[in-house]
Each structure stands twice: as C-alpha cells, then as structure tokens.
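**Student:** Sequence:
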Amino acid sequence: MKDITKLIPLVLLICTSSPSAEELKERNEIAAQYKWDLTDMYASTKKWEADIIKYNTLLPEIESYNGRLGDDGETLLAAVQKMEEVEILISNVFVFAGLKSYEDMRDGENSANFSRARTLSAKYNEATSYMRPELLAIPPRKLEEMIDSTKGLGIYRHFFDEQLRMRDYTLNEAEEKILASASDALGKFSSVYGAFNNADIKYGEIVDAEGNTVELTKARYAAFMSSTDRRVREDAWKGVYREYERLGNTLAANYEGHVKARVFQAKVRGFDSALQAATYGNAIPTEVYTNLIEAARQGKGPLQRYMELRREALGVKILQPWDTSAPIGEETIKSVSFEEAKQIVADALTPLGHEYVSTYWEGFSDGWVDVYESKGKRGGAYSWGTYESKPYLSMNYNGTFSSVSTLAHEYGHSIHSSLAAETQPYTYANYRTFIAEIASMTNEAILFQKMLSEATSKEDKVFLLQTYLDEFRGGFYTQALFADYEMQAHAAVESGKALTKDSLNKIYHDTHIAYYGDSVQMNPLMDSTWSRIPHFLRNDNFYVYQYSTSFVAATALAKMILKDGEPARARFLNLLRSGSNDYPIELLKKAGVDMTTPAPVIATIELFDQMVSELEKTLKE
Numbered sequence: 009m010k011d012i013t014k015l016i017p018l019v020l021l022i023c024t025s026s027p028s029a030e031e032l033k034e035r036n037e038i039a040a041q042y043k044w045d046l047t048d049m050y051a052s053t054k055k056w057e058a059d060i061i062k063y064n065t066l067l068p069e070i071e072s073y074n075g076r077l078g079d080d081g082e083t084l085l086a087a088v089q090k091m092e093e094v095e096i097l098i099s100n101v102f103v104f105a106g107l108k109s110y111e112d113m114r115d116g117e118n119s120a121n122f123s124r125a126r127t128l129s130a131k132y133n134e135a136t137s138y139m140r141p142e143l144l145a146i147p148p149r150k151l152e153e154m155i156d157s158t159k160g161l162g163i164y165r166h167f168f169d170e171q172l173r174m175r176d177y178t179l180n181e182a183e184e185k186i187l188a189s190a191s192d193a194l195g196k197f198s199s200v201y202g203a204f205n206n207a208d209i210k211y212g213e214i215v216d217a218e219g220n221t222v223e224l225t226k227a228r229y230a231a232f233m234s235s236t237d238r239r240v241r242e243d244a245w246k247g248v249y250r251e252y253e254r255l256g257n258t259l260a261a262n263y264e265g266h267v268k269a270r271v272f273q274a275k276v277r278g279f280d281s282a283l284q285a286a287t288y289g290n291a292i293p294t295e296v297y298t299n300l301i302e303a304a305r306q307g308k309g310p311l312q313r314y315m316e317l318r319r320e321a322l323g324v325k326i327l328q329p330w331d332t333s334a335p336i337g338e339e340t341i342k343s344v345s346f347e348e349a350k351q352i353v354a355d356a357l358t359p360l361g362h363e364y365v366s367t368y369w370e371g372f373s374d375g376w377v378d379v380y381e382s383k384g385k386r387g388g389a390y391s392w393g394t395y396e397s398k399p400y401l402s403m404n405y406n407g408t409f410s411s412v413s414t415l416a417h418e419y420g421h422s423i424h425s426s427l428a429a430e431t432q433p434y435t436y437a438n439y440r441t442f443i444a445e446i447a448s449m450t451n452e453a454i455l456f457q458k459m460l461s462e463a464t465s466k467e468d469k470v471f472l473l474q475t476y477l478d479e480f481r482g483g484f485y486t487q488a489l490f491a492d493y494e495m496q497a498h499a500a501v502e503s504g505k506a507l508t509k510d511s512l513n514k515i516y517h518d519t520h521i522a523y524y525g526d527s528v529q530m531n532p533l534m535d536s537t538w539s540r541i542p543h544f545l546r547n548d549n550f551y552v553y554q555y556s557t558s559f560v561a562a563t564a565l566a567k568m569i570l571k572d573g574e575p576a577r578a579r580f581l582n583l584l585r586s587g588s589n590d591y592p593i594e595l596l597k598k599a600g601v602d603m604t605t606p607a608p609v610i611a612t613i614e615l616f617d618q619m620v621s622e623l624e625k626t627l628k629e
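Here the sequence shown is numbered in the working numbering, starting from 9 and rising by one per residue.
Certain hints may be false.
In silico lysine to aspartate or glutamate, EDC-like type, Cα no more than 20 Å apart, as pairs [what the hints assert, rightly or not]:
| # | residue 1 | residue 2 |
| --- | --- | --- |
| 1 | Lys-571 | Glu-614 |
| 2 | Lys-62 | Glu-92 |
| 3 | Lys-625 | Glu-614 |
Hint data in this document are derived by calculation from the structure and do not stem from the laboratory. All of these numbers come straight from a predicted model, not from anything done at the bench.
Sequences are here, hints too, so could you generate the full structure?
**Tutor:** Spelled out as structure tokens, the structure:
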C-alpha cells in the first residue's frame, strides 16, 4: 500500500569536501565516532537474512485477506495490521541494505544485497496490489459503519480517506497486480543512474590554486566552484560538464526511459498528465506547481539583478557559469571543525526549544551521523531511516559554512522523522515529500538569521549575505527552473516527441534564458546541466518543485518563529509531530502557511529582493 523505498524519505542535498592533495581515506580509516551505528538495525548479515526469511513467510498471510476486506470490520483491521507488520519488516531490510550500500558503492556484496532488497519490496507491492481496489469496492456507508463499530479501526480513518480519493485512478485487481509486478523493471533507470553517478563517472584531475594536481570529485566540485581563483573554477566546471556532455546520449536515453515510464503509469491510471499524477498522489493541487513556475518566471528581476551585482563585485566583464558561486568577499567562516559546527548549530536552534536541541545532541551520542567523505561513499548528504530505526544522516563534512549549514539541514530531516515516529502510529509516522524539506530549510533559515544578526564586520555581513543569497537562489529559483524543465520534458513525451540529447539540451537552454536572461553567459556545455541533476534521473518524479515550495514555507515559518516565539514554535513542532495524519496543504495551514495562495511565494521573492539591496548597500560601505 505504501512505497517501501520512501517510508521515511531519503532526501539528498549536495554537500562538498575541501579540495586537497590528500588522498581520500578508506572507510575503515575513519574514527568510529564519526560513523553511524547501523548495528541497532542489524548486528549481523545473518540477522538481516533471518528477517528476509520471516518476510517471505509473512507475505502469503497478507495475500490470504484477498477478497475478504469488505467482510467485516475485524477482518479489515486484521488485514491492515498485518500489512503494517510486513511493511515495517521489509522497510528495515530495504533501508539497511541501502545504507550499507551507500557506505561504499564499490562493495559488490552490499550492492547486490540492495538490489535484492529492491526485488523483495516489489514483491510486497505485488502482494498488496489487491487492497486498494477492494477498499474502493466497499460502499462508503458500509466502510463508515465498519470503522464506527470496530475498536481500533478508527485510527485508520485518514488512511482510508487517502485510499478512497484514488478511486477514479485505481485499476482492477488484475491490472494493479500487473503494474505492481512491473514496478522494479519500470524503475530500473534509477539504479542504472545510481551506478553510473556514484561508481562509474570520473572527472579526471585538475590543478588546484596551490599548484597541486588533485582528483576532481563530486564532493570537491562545489568547493572548487567557490574558489577565489577563476582559473580553478573554470577548470573544475568544464571538467565536470565535459563528462556529462560526453555521456549525454546515454543519459538522455536513460532519462527518456524514466519519463516514458511515468507517462505510461499516469496514462493507464487515467490521469491527464504525469504531472497531475504526481501532484494528486501527494494531495497537492496541480496549480501549486504551475503557479510556482509562473511566479518564479515573473519574479526573475531580482535574480537577474543579483547576477549583475555579482558581476560588478567580481570585476568581470561577462559573468560566466563558473562565476555564479564565486565569493564576492572574503570567506570569513571556514576551517570549522566538526565539533565547533555541532555547537554553532545547537546555539542557533535554541529558538526551537529545549526538547528539540536535546534531541539534536542525542543524535551524536546515539550513532545517527556519518560525517566524512571516504572512498566509494555516496556523494551528497541525506537523511534516511525507518519507523523502528534511528533517523540516520550522512554528510561529506568539509569545514566550510556550507557544511555547517548542511548539518543544520540534515538534522532538520532527522529530528522531523524522530518526532513523527515518537508521536504517530506507524501509519502516519512517515511524511509526504511536499513536507519533507520544510523542517530542514527552516533550520537553515534560523541559522542564517542568527549568524547575520551577530555579524559585526562588513566582511562577515558580505559573506553571510552572499552565501544565503546563493542558498536562496539554489533553493528557490534554481529548483523552480528545474521543475519548469521537468514539466516541459514530460509534456514533450506526452505530445509524442522523442527525448534526445539535443532536444533535452535545447529545453534546458531555453528555460535557463527564461530565468537568467543574458545576466549569465550561456556556455555550450551549460545546456547539459539537466544530465547532472540526480532527481531527474533517479526515481524522483516531479520532486524538485517541492524544494522551492518548501523554501517558501520555511522562510515564512522561520520568520514567524523568530518574531512570535512560543506560539509559532508550537505550531511548527506540531507540524513535525503530525507526520502524515492530514494532507500536506492542511498541515501547513495549521502551521500558519497557506500554499494555495500566491502570497507566500510573492513574499519570498520580495525577501530575496530586499537581501540583494542589503548586500548592495553593504558592499558600498
């Protein structure tokens, strides 16, 4: 009934590592205190295998309820409880295998176990494929009577509502079973991209600012892009994008498979489009997506003004793509030890209350956090866990302000998962992707506001303003641009067009111009930017717009928490504790943000404009 792979969302954030001549360490060379502890999930592979045996034993028990859900309330309750038991079990199996695989993507045994877990989760989807059609076949009045008359069934009322709203888009039992059995094959593009992006692609070497020849890795890339040496930035940027351009035909074919799979699934269910299928599944009006893109396109003026300010501050005639993250002032927050970062974030999060900060500290002593980059480790930063596990988080910490901010970000996810699991029954302990980024981005916004308020020098203010404006641009404008691109790519397939390297490059080129105009020089390699975005090429259909909407919501929530104190904090923590016990739009309304109106988006664009003006003023001081 649920997507096992996303019971607690895995949320990726690009995290960087400092470029260094030092060779990356093997995982066994990193101190235990800086690695997560997965033994609470499974102390050994033997116990993991035992749960697989148990899972295979329990799976037929779910199928035994086929044709019986409408018999009476007791039978329905027993079926749902059995479903939960099996879901908890397979999610533990799946997530553990994924976390072990991500420790070192070169490890063939762990990769094979993760692939095996994917297959097992597909079997669950197949075994439960009858449930939604059967639930929909129960007359609404009879279902209400069953809920009212059966002790213990009432807690599932919202769960049943979620299933019933899919009535018009649910196939018969046989058809649902076919789709479920095909889920692994239809999602294979995700594992193809994972292997390519984390294990196979190499960017070669570049000469850093100190004259050292170093390997160009994904983790080091962003650090190089923040270098004060324009030659280093250019070499790093071209080194990365040359590879994606070179492999563009392969990546385009893989992405076309992704899009066609989603269009096919939407079409057979009767949706008007893949976009509608994706937003409807999260109970989000499609207009929230399209209105976001329209507002971002109309609000491009402040974005272009910031790019012009960057160009002037850097003293360059033409702003190139490798200049868009270059520092326009001295980096005043750098070489921060991880221990220092922990304290900085803890101090910043004080407005969220004692319980929140206590949970934060507990995570370090309880083995939640995997800190440093190592050979073969999955790039980026993410939070992932299950209902019964710790809410694990992985980083590639490098001592920069960006890494400090990433620590606050990922802890937002993990504490969100922790509070929801503590408060909600299993059915509602996960949270929708539309909500998933809000806690993390709220943490980032609060961290920035505290550090800016304490800044005393012009240099500190310039650095912080520039840094957050870049975070702002990345979290709001860039993700809106990506969402715009994604919508166009799916629309092309839906209109019968093929997706090729050339057609995808053109879509990206035109979309970038729509946002940036001529404020950034369009290098030919830039057209391949789409092929580097993981959310396009993994199983994350129409995901990225939620970064933008989450940034909007988080900006509003952080402002309310810092201004209003306890009432706003209580609403925010209630949002985190609520998990998925209501629809995302309604949960946000309770927290004080109405995403069905354009007001929060407009306020976000206005804030960006104000911050550009503040940076402009500070630079002139």
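**Student:** Would you mind marking each hint as holding or not holding in the structure?
**Tutor:** Structure-based check of all given hints:
Among the hinted pairs, Lys-571 with Glu-614 is consistent with the structure: their alpha-carbon atoms are about 18 Å apart, no more than 20 Å. This hinted pair checks out: Lys-62 and Glu-92 have alpha carbons roughly 14 Å apart, not beyond 20 Å. A threshold of 20 Å between alpha carbons decides the hint, and for Lys-625 with Glu-614 the separation of about 17 Å falls inside it, so the pair holds.
No hint from the list above goes unmet by this structure.
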